[in-house]
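Colleague: Now for the letters of each chain:
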Amino acid sequence: MSALVEVDGLTKHFAVGESGLLRRPRGLLRAVDDVSFTVDEGETLGLVGESGCGKTTVGRMLLRLIEPTAGKVRFEGQDLLRLAPDAMRAKRRHLQIIFQDPYGALNPRMTVEDIIKEPIEIHGAMDGRQARARVMELLSRVGLAPEHARRYPHEFSGGQRQRIGIARALALNPRFIVCDEPVSALDVSIQAQIVNLLQDLQDEFGLAYLFIAHDLGVVKHISDRVAVMYLGKIVELADRGTLYRQPLHPYTQALIAAVPEAKPRQRRRKAAITGEIPSALNPPRGCRFHTRCPHVMPVCREAEPPVTSPASGHQVACHLFPAG
Amino acid sequence: MTLLSVRDLRVLFGTEHGEIAAVDDVGFDLAPGEILGVVGESGSGKSVTALAIMGLLPKPPSRIGQGSIHFQGQDLLQLGERDMRRIRGPGIGMIFQEPMTSLNPVFTIGDQLMETVRVHQHSGPKEQRERAVEMLARVGIALPARRLDDYPHQLSGGMRQRVMIAMALICNPKILIADEPTTALDVTIQQQILELLLDLRDELGMGIVIITHNMGVVAEMADRVIVMYAGKIVERAPVNELFERPVHPYTRGLLDSIPSLADERERLKTIPGTLPRPWALPAGCRFQPRCRWRVEACASTVPPLGPVREGHESACLRQQELAAE
Amino acid sequence: MGRVILRSIAGAIPVVLLVTLITFGLMRLIPGDVSAALGGITSTTEEREQIRKNLGLDEPVHVQLLKWYGGLLRADLGRSHFLGKDVTTATFERLPVSFSLSLYALVITLILGIVSGILAALRQNTWVDQAAMMFALIGVSMPNFWLGLMMIVLFSVHLGWLPTGGYVPFTQDPIGWLRSTTMPAISLALLQVGLLARITRSTMLEVLRQDYVRTARAKGLPNYLVIGKHALANAMIPIITVIGIIVSLSVSGAVVTETVFSIPGVGQLLTSAILNRDYPMIQGGLLFVTLMLVGINIAVDVAYAWLDPRVRFERG
Amino acid sequence: MADSAVAFDEAVAAAAEPERRSARWDTLRRLWRHRSFKFGLALFAIIVAAAVLAPWISPVSPNKLQMRLRFEPPSWDHPFGTDNLGRSQLARVVYGAQLSLFIGTMVVLVNAVFGTLIGALAGYFKQLDNALMRINDAIMAFPAVLLAIGVAAVLGRSTPNMILALSIVYIPRTARIVRSSVIVVSQMEYVQAAVAAGAGHWRILRRHILPNSMAPLLVQLSFLFAYAVLTEATLSFLGLGAEPPAPTWGNIMSEGRQYMREAPWIITIPGAALAITVMALNLLGDGLRDVLDPRLKIQQ
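Chains as they are written, first to last, in our numbering: chain A, 2 to 325; chain B, 85 to 409; chain C, 9 to 324; chain D, -14 to 285.
Some clues are possibly wrong.
DSS-like mimics (lysine-lysine), calculated; alpha carbons at most 30 angstroms apart, straight line [claimed, not checked]:
| no. | chain 1 | residue 1 | chain 2 | residue 2 |
| --- | --- | --- | --- | --- |
| 1 | C | Lys237 | B | Lys210 |
| 2 | B | Lys258 | A | Lys264 |
| 3 | D | Lys23 | A | Lys92 |
| 4 | B | Lys143 | D | Lys23 |
| 5 | C | Lys61 | C | Lys93 |
| 6 | B | Lys258 | A | Lys271 |
A few chain B residues that face chain A, going by a derived Cβ cut-off under 7 angstroms, partial list only [to be verified]:
| no. | residue |
| --- | --- |
| 7 | Thr99 |
| 8 | Glu125 |
| 9 | His237 |
| 10 | Thr267 |
| 11 | Asp270 |
| 12 | Gly300 |
| 13 | Val301 |
| 14 | Ala303 |
| 15 | Asn324 |
| 16 | Pro343 |
| 17 | Ser344 |
| 18 | Arg351 |
| 19 | Thr358 |
What follows is a list of derived Cβ distance ranges for each label pair [what the hints assert, rightly or not]:
| no. | chain 1 | residue 1 | chain 2 | residue 2 | range |
| --- | --- | --- | --- | --- | --- |
| 20 | D | Leu94 | C | Asn62 | 34 to 44 angstroms |
| 21 | A | Arg269 | B | Asp113 | 22 to 32 angstroms |
| 22 | B | Glu394 | A | Pro285 | 49 to 59 angstroms |
Just so you know, these hints were derived from the structure itself, not from any lab. Idealized CB from N, CA, C, for every residue including glycine.
Start from the sequences, fold in the hints, and give me the full structure.
Modeller: Right, dumping it as structure tokens:
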């Protein structure tokens, strides 16, 4: 067991609609419910799902940007959730994050140099000269020029800003980076540039990624293994070849079938699944997918499906694949 | 027979950088029952074109520099506001990218559907109601009569987009303009909406202009495709032709840079560089600074849109070479 | 809807508690010996003792606090020795005067403010817009007591059209009421008109940019429906909240305006209480007016929910 | 082929220069282009100049009594006329400007410090938010001028008491604005990035949150200056401001009120000066709002 990151039973319930004198929550939003997975050294785990499935919350909880309600996050065997604030802050140099919105992720009042340098300053990792040299090195590594260091974020295009965000994440040589929809906000012709850059950096520095996205094509391209989330739960997890060739969970199958392919001769007319995504505030009983599932059985409405492993390295949570 | 015919359209916007052409020399035709896909990235001018057809561009800062938009024998650009209003709804309907904000939050679905009928047709409240229920049923909303009294915030994004479609089609328009209709939706919902649009086209026979940045959506939907870059059309072809034998370097780059579910490539091909800013467009061909096939002439000559093969046009100086590859 | 009302009231409870506490504390903040200040330097120890007793200041603070809340529960805000009346009685006697004046000003405000704000937004960057905004700017910049004085100089002293001050109850003589309240109402309203016009304009501009307005146009709706129905219904939501602020402003404004025009309302009652150091009256009057405003804000909350189905449904 | 493609990519990337525009310079340029901001600035500069140059503009002391010169209407010798005690109104108005601007400035400074402090604490530390905002709400429930009157009545007449009274009234309003902008900024992803980088609360507040929440505060402070000047004059007018014969505009009008039939200039001129000052500040605030924070609504 030498996984770099081990997530076990991670759960987040948000209280919603607080009101009244006693501030009692009026409902519980089960954003993430009992999620477990591992990420190995140098590996990319893709995390896909539609809006409201909790994938972003999972990413934030790994870095304790959101405090989990329950569960464990082990990094190199150490439970991050038990670390005292100071110890956690020191640990943060090894775990970084790249955000979706290239406009909101950079402080508009800081220069590019200050933005990239900030993590180095916080951890007192280098003196001023070294830090500056490091900034220049990072800029050129992500495809920007040294003279860009003195500019402000608003002077750059979306793709260039995303490069700055990547340089900041790399500043302290982290071992693990959460990529939270890093290309979703970019134009199509820019997406590929960033995907390639992330892959190159991974090869060069041996980084491990948790790559969160809703675009199945991008996730498939960059990931070694892929986890599929639906309404706060992982419904299926497998290496990418298996997942895309032989998806087991009906939701995964539907998700893959729903992606419009750039092949006009292979048009299909029938929608893969009907119905809307239920609210996480009031998820369906039993299997959360049963309201939309084409293979629904009576048991699906009653019991939550257990996680089973029909093949080595392939996990699925569906009553079609009972344990044993 | 053409339904809509856009010629030499040029839309200008006054900005602090001076007047810029958001749409430059754009032209196309649409036949009844046809689906025309317009693809492009941000700043390509695809949405501005759609709003120009509807006469919904804010003036100022925008103005029409030149061109014509013929619909049913009249040039929409010459019509007054009053006449244009009779075109919107019964002539051309439109749906937008954000179903969450495109419906008025303080009125019920029923009210918003029925007022459209009330304004364009002389029918009583009962007929309006029946028509609204009929349209909701047609766009696949369960228990339509009950939904009439719902407010938009009570519906999910996919449902709201269905309501938007019902509203756009309630007066039987000849054309539906769909501006990124599924961009804000999840992929399983996107598929449902696209399927619905295809079914409605088959049933009602209207022409559809679908505007999107998603090559997959175009491939699933369109009969013919226009590719736009920085305000200009760079390529135009029937859908199979475009996806199988793209000519323009930009179209090719776009298709190559999409990671598809089927492909097993190690690296994606990319289009280098960034999109040009509208007020600092490159001279000559607007794509030339990012183009791998660039020659010297590209920086001085604006390539005209010209035929490559039967029904296939492109705007590149080297298109014959590229087509022969 | 009933739950919206209940929740607004529940939300106001802590505010009311704090407001009463602050008002109570205000009296105890008076620096130095109050009795000396009130009785004058020449007052004897016995006289000062009597003053302290009258004000209830001779007792320990917690007893004073208990008595204060006990009194509040019985709607007893204390007694003004200066007027020789209960504070509550004195306030209620004056209330109709202030109320009729404020209502008059509010009507002017709503009509002028909303109409000019909407016109300015619809004719953005034209002379209509500029004129309306110039007028609004003057409104928010003009000290209302000065405006009142200027009107007196012009219309009463020079032209002799209207009385310089005083008040005639509406029930006695409606024309007289109009003559006595028109100048005060205008001087009171001008600031509020300016404020409301500016907010209406910016809200309207914001709403006109919204997607659903574009949808309404794309459906081929005529302008009067796009603006009069789709835009206005949404613009009213923020405007309603501003009306709460405006009522609060008009209370402040009335204090000054009533003094300028010698109108015997609650504002003038308070001003004279201040000048006469009639502490129970100041305390009681301040609390009374503030609680009334809290009540108005509850009404605004309810109106807000009534206008906005999202609030009505999600929280109600 | 692969190598040349990479080289081409890099060449193109280097050619795609970001646009050169300094944020601060850009803001100043847009402010300068804003017509009403420029007009407001000019008006305000005139008032400030009058206040600063008071001793040169009017060599006569504002409190010098000249009983032979009572009720002189405005003339070449007495540009603003004289009052019932023969005092030069020019002197009283320009020295009044000094006092008004002094009080306004102090209130703005006190608000900037305490409003930011309370607002930032409430907005950033959720544990403090509830308690701080309840107190805020309670103070804001009182009508502004009325509360100022109450506090001023309790504290007694003096300039420092006036500053204190106005600060008590307006700090909660300022704090509320800072709080809401701090809450918005706290949710920005660059703040999350700083947390992820290991930054502590102090660093996050100082480098990320406060610099980005200042725009609404700046706008509020310029409107606040206007309210402070206006409220101060109102209180003085009611006899609750600085003790006479201090020449505040409110005091001048309060005293001149009884002579408004025979000597209307006594109240006309200081009132006009007050209105112009308030208008100048409103114009400045409008300009700042349009340029710094176009979405901000007018706040009371």
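Colleague: If a hint holds in the structure, say so; if it doesn't, say that too.
Modeller: Status of the hints after comparison with the structure:
1. C:Lys237 to B:Lys210: Roughly 22 angstroms separates the two Cα atoms, so the pair holds.
2. B:Lys258 to A:Lys264: Cα-Cα ~28 angstroms, so holds.
3. D:Lys23 to A:Lys92: 52 angstroms, violated
4. B:Lys143 to D:Lys23: 28 angstroms, holds
5. C:Lys61 to C:Lys93: 17 angstroms, holds
6. B:Lys258 to A:Lys271: With Cα atoms ~25 angstroms apart, Lys258 of chain B and Lys271 of chain A stay inside 30 angstroms; holds.
7. Thr99: Violated, about 16 angstroms.
8. Glu125: 4 angstroms, holds
9. His237: 13 angstroms, violated
10. Thr267: 11 angstroms, violated
11. Asp270: Cβ of Asp270 of chain B sits 4 angstroms from chain A, so the hint holds.
12. Gly300: With a closest approach of 3 angstroms, the Gly300 of chain B hint holds.
13. Val301: 5 angstroms, holds
14. Ala303: 4 angstroms, holds
15. Asn324: With a minimum Cβ separation of about 5 angstroms from chain A (threshold 7 angstroms), the hint on Asn324 of chain B holds.
16. Pro343: 4 angstroms, holds
17. Ser344: 5 angstroms, holds
18. Arg351: Result: holds, 6 angstroms to nearest chain A Cβ.
19. Thr358: 4 angstroms, holds
20. D:Leu94 to C:Asn62: 34 to 44 angstroms: 41 angstroms, holds
21. A:Arg269 to B:Asp113: 22 to 32 angstroms: With Cβ atoms ~28 angstroms apart, the hint holds.
22. B:Glu394 to A:Pro285: 49 to 59 angstroms: Since Glu394 of chain B and Pro285 of chain A have Cβ atoms about 53 angstroms apart, the given range 49 to 59 angstroms holds.
Hint check: violations occur at hints 3, 7, 9, 10; the rest are consistent with the structure.
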